[in-house]
Every structure is written in C-alpha cells, then in structure tokens.
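S.K.: On the provided structure of chain A, position chain B as indicated by the hints.
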Amino acid sequence: MDVPQTVTLPATYSEPPVLVIKPSSGWSSLALHEVWEYRELAYYMLTREIRGRYRQMALGPLWIVLGPLLSIAMNSIIFGTLAKLPSDGIPYPLFNFAGLLPWTFFTSALMASANSLLNSRGLISKVYFPRLIIPIVGVLSNLVDFTISFVIFLGMMLAYGYAPGWGIVLVPVMLLVAALTGMAVGLWVSSWIVHYRDVSTLLGYVTRFWMYATPIVYAASVIPDRWMPLYKLNPMTNIVEGFRWALLGQGRAPDVYFLVSTLLMLPILVSGLYYFRRTERNIIDIA
Amino acid sequence: MTYNAIQIDNIAKSYRIGMADKHPVTRGEAVRETLLSPFHYLRTRLRAPEEDEIVWALRGVSFDVKPGEVVGLVGKNGAGKSTLLKILSRITEPTSGQAIIRGRVGSMLEVGTGFHPELTGRENIYLNGTFLGMHRAEIERKFDEIVAFSGVEKFLDTPVKRYSSGMYVRLAFAVAAHLEPEILLVDEVLSVGDAEFQKKSLGKMSDVAKEGRTILFVSHNMAAVQGLCQRTIWLRDGQVEQDGPTGEVVSNYLKTSIFSNAERVWADLNDAPGNEKARLVAVRVLDGKGEASGQGRIEEPLTIEVEYAVLEPDTVLNISVSVYDEKGIYVLASPSNTDEVWFQKPHPAGRYLSRVVIPANTLNLGSYSITALLVEEGRYILAQEDGVVSVDMVELGTYRRGYFGYWGGIVRPLLDWQTEQINTDPAVTAPIEAAQVD
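If you read the sequences in order, they're chains A and B. Sequential numbering of the first sequence, starting at 1, is according to our numbering. Sequential numbering of the second sequence, starting at 288, is according to our numbering.
Treat the hints as calculated values from the structure; they're not laboratory data. For clarity, every value in this text was computed on a predicted model and none was experimentally measured. Be aware that a few hints might be false.
[Claimed, not checked] Here are the computed lysine-lysine pairs in the DSSO-like style, where the Cα-Cα straight-line distance is at most 27 Å:
#1 Lys-353(B) - Lys-497(B)
#2 Lys-448(B) - Lys-486(B)
#3 Lys-22(A) - Lys-353(B)
#4 Lys-363(B) - Lys-22(A)
#5 Lys-632(B) - Lys-564(B)
#6 Lys-353(B) - Lys-491(B)
Extracted from the complex, chain A is given alone in its bound form (with noise of 0.2 Å):
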C-alpha cells in the first residue's frame, strides 16, 4: 500500500515573499491592489501635505477662508457691477461662489495630478511606492480646503437669505465627477510635463480657456441656444449648473448630459491611469 508522501511544513515556518524584478513591456497593470496595500503612506502623505501646506504661513489656514473670498469680491466688482454679467437673479456674490466651489476644486486636482511626477521626482528617485498614489494624494487634500469653502459658502447662503434644497446630497457625487476630470486630463499631462516643460505654461492658458468656457463668471443662459449641446459637453459646465441647483435652486439639475459628459471622460480617465503607469517606471531615467 502506498503512503502518500507530503511534507508538513512546521507552522511557523513562513515563506518569505518573493519579488521579481524585471523589464516590464507596453502596458502594464494598473496594479491597484498595489495603491491600497500602501493605503498608510497615502495616508501619511496626506497629513504632511495638509499640515505643511499652511504652517509657513502668517496668515495659516486662514488662507483657506481668505482665498476664495478675495477672488469673490474680486469677480463681484469686475463682472457683477462694471460688466453686468448675467446672474439669474441670485446675488452675483453668492452665483459667483457657487461656480467657483467646484471649480476650484478642479483645477487643484488637475493641477496636483499633473505636477505630480515632476514635483515628486526627489521622492521618486530615493523609495519606492506606488506612483498613483501622489495624485491622489494631491486631489484628497484639496478636500479639506474645499470643505471650508464649502462652510464658509452656506453660511454666506444663509445670510443671503437662501436654504439648500435636497439637491444638496448630489454635492459629494458631483464632487467626485470634479475630481476624476481633474485627475483624467492631469494624469495626461503628467507625463508631458516631466518631458516638455512648455506644457505647464500651455496648462495655465488651456484652464484660464476652461473656465470661461464654463459658466462661472456668467450665467449659462447667455449662451446661444445652438451652441448649448457643445457647451454641455463640458463636464464641468454640467457640475457647476448642477451646484448652483442644488444649493441655490437655480441653473439645471444633473441631466443627461450630466450622464453622457462623465461617460465621455471615462476612457481618458482610464487610458489616463495607463499612460500614468507607463511613463512612471522610468520616470527618474528621463533628464
């Protein structure tokens, strides 16, 4: 009679992890799995981004508050009383912040993707982690300052004499749309950027286009109506209506073209996050 012959392994005996280092061609995973084991890092990036981001500072987190308020007043005298943009009725102060909240946000999480493997590269050439991690580093601490905006803004409604309506649940799923756009077009330029740096100058004017093609200093119903389909191609023309709906019931709630322009940026998300890992590896190779 055969005994099978197996080998009991004694039970703290452990096999150390194996790694395989090796070229990597074309397109490789994404490696996500990867991003969430080092989950603490992130996290500890993040509090180093947020705690030294404000402590150079005379003036510390109040920046936060004054930021946006500046640039309010600033937008109030330029385009609400010597330009006379249109503003739906509501109060240009308050139509302008409710544009401005998503906007912002936006752009900080486009730039912080697409400043990431350049602005990390000291970082980059001396530990290894996953490189995603830096962008998404970048748009979660600007979560904070949109979160104190966003304080600041409601208080503001209430002096206005306004309430949020319901809509308000929607902020954090149009929030979300903000940041995978920032995040889409950054990682993109991400690449270029450590490659070519004429690209972060062409980055200042392609936002600065952006905005003004999204209705944030003016009212979207100054648009021709048969621009409008183009015009709502725009992700964020779609979040910052879809703001001042939900928070000052003016504008237009998240529609279909809500839906079709976030299905839109989904493949550059994606190829995004490809194109993101294919120029990571050799990163600190370039230059």
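M.R.: Chain B only, in chain A's frame:
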C-alpha cells in the same frame, strides 16, 4: 533551506542621453535653430536612439547573495553601484535581465526620505518610517528606541527646519537604522553626522549584520567595507570585475589604475605646449610606489613630475604646479622656489625633469586635478596646462582608529597631538596655576 536572498541574473540598464548641442555659427542660423528647436526636439525624441546616445550603466551583472550574508559593493563613481541598488529597490526598472528577492526589502539610499521641514520631529519619524516601508504599529513599538538613538528628545515637537544639520541627520539615520527587513540595501549613508554619531551608526550596522540580516552595502570607504563585509563585489564599468573575500577584492580594487590620465606625454615636440624657447614634454603624477596609477593613497606621498625641453639656450625658467579638488577649489600651488640648483637659472638646451613631492597625509579623499606651468623669468607663462593630469585619492584607513565616517576638510594633514594630565583632581578650579605649582 538553501535559497538565495538575492539572485541577480544578467541585469543590464541603459540610459538615453541627449546629443550634444551644436552651437550655431551665424546669427541667421541661431534664429532658425530657435524656431525649429521644438521640431528638432520632437524628431530626436521620436526616432530610435542612436548608439552614441545610449549609456550602459550596467552591462549584465549576475551574482547571488545568501541569507545572512553581508556583501560590500565597491567601484568608482559611475560603475553602476547606485543603479543596481535602485533596481533592487524598484525605483527604476532594468533594461534586461531579472532579479529575484526573497524577503522583505528595506532600502537606505538616502537618510531622511520624505522629511518635511515644516513638520515636527515626531511627525517626521512616522512619515519617514512609512516611506521606508514600516507600518504604524512597528514605528510605535520602536518609537522610543528611535528617539533615544537620535538624541533629539527635547526637540521632538519642534519643526525639523529648526534642527541643526547634525540633529536632522541623526534623527533621519535613527529611523532608517531601526528598519527590520530581512534584506537591507544601504547606499553610502554612514558618512553622515559627527564623529560620535558615526561610530554609533557603524556599530548599529554591525549589530544589524550580526542579527543575520542580509545586507548589500555600497561604500567608498574601504575601511568601513572591510569592517562590515566578509564578501565584496567590485563593479567596474557596469560589470562585475571581481567577487570574493573582502580583503582580496578591496586590495585589487585599490591597486588598479582607475584613471588613465595620470600621465600626459606630448610625443611631437613641435606640437607640445610652450614656444620656441621651451616646451613641456610630459607631466605625470606618481603614487607611493612611483607608478603612474592615477590613484594615490592618503597615507603615502604623491610625486608630480614635469618633463620639459629647453630649445633656446640660457632660457631662465621655473616650473609651477597647482592642485584643484573636484569642486574646483584651489587646494595648493607650488612653484619650484625651493629648487636651489635650477630655479630661475639660465638653462642650457636639453631635456629636464622636475619633481615635487606632496607629502603623505596632505590631500583628503577625492579626485584632484593638477595644472602645470612653465614660467620664464618668473613672469611670462610659456605653457599652462590646466588639469593636465589627475589623481584619485583613496585611503587605507591607517590612522582612523575605529572611526569610519566622513572626515571633512580640503586637506587632511596628520597633526601632532599631545595630552597630559595636569592635575589628578577633576574639580580643581584654577588648572593653570595648579600645573605651575607642580
């Protein structure tokens, strides 16, 4: 179990370097080039790289490291040591070949990775520890030990930007030294901090080595390599030149001429620097054995030889040499003032050889370049050859006495020290008077 902790199989790594820019000759050309530069840039990026644009940092490196082995990695700058560690740390990918690593890897390629100047010492310990691959619980467990080792207890809640550079480095090293991976990759981080801390960190390294951890240790400090590693691998031009017992490999590494520019000879006298009165023929820098090896040892004298031909009889000449370090700092100059026989004397036509000796224990570690001058009548420079030869100073560590760290200074003379006990009572208030009473 007989497995290898690190198994490196024919790893190669190439970098693409940009082509040298051609300088425009005319203004029109300059304008055209500026306008066309984006296209030119794209073209060079998009086409396949040409052979002279590729630099091979590693060309097929293979070796195995057994668990618990402490292996030194030596070689001159650019030999590929750091690139290899970066590949093993997953910071960059190899171009070909593969490496298999069994066990948790910790790398110390730099101290203080991720330190943020605005954050406190406490916050940075967590941050840096996480960057090095430690978990929160692990850092918490070792927190007190790290703080005690660094000696910055009092400043834990001060932003590190207010730290002195010594404190900064001590804290950074303390975090790294308390990593507990099975495999540790260390790149020249022991050369930080002051003497006392140096000794402490090297002691910590040898403790780590004794605990049976696998260590790959890169250093330019042969004394530290010899103190820590049983086995050493010498990398040269991206290949393994020798792999064996440390003593043997290190001594071979030190022996070999690393730079061949220890000698410069002008074969054609008509082309040699100088003029119709006198011309340089050769400049050499010789090591302690009198060989033009390109490598000198701190503990041995260096000789600089200047050979020249006097073509016009009775030319009044003297020689001068200058030494610059790798940062371009002017270390010393030595005109041949002390040459009683020929200094600024009329030289009959013929060949001459002037020698000057830089005594042992003068230059510090590093590369030095030597400039030679042929001077007429103490005023007119007939020939000046900047950086005509160079020498790489290494050390045997004879006078280090257990300290293996950074020994600063442009020069490194061995000065005379004497200490005497002047009183047996440590509490004596006026030591000078007390000494006089004796």
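S.K.: Please go over all the hints and tell whether each is borne out by the structure.
M.R.: So, going through the hints one by one against the coordinates:
no.	hint	result
1	Lys-353(B) - Lys-497(B)	14 Å, holds
2	Lys-448(B) - Lys-486(B)	25 Å, holds
3	Lys-22(A) - Lys-353(B)	20 Å, holds
4	Lys-363(B) - Lys-22(A)	26 Å, holds
5	Lys-632(B) - Lys-564(B)	14 Å, holds
6	Lys-353(B) - Lys-491(B)	21 Å, holds
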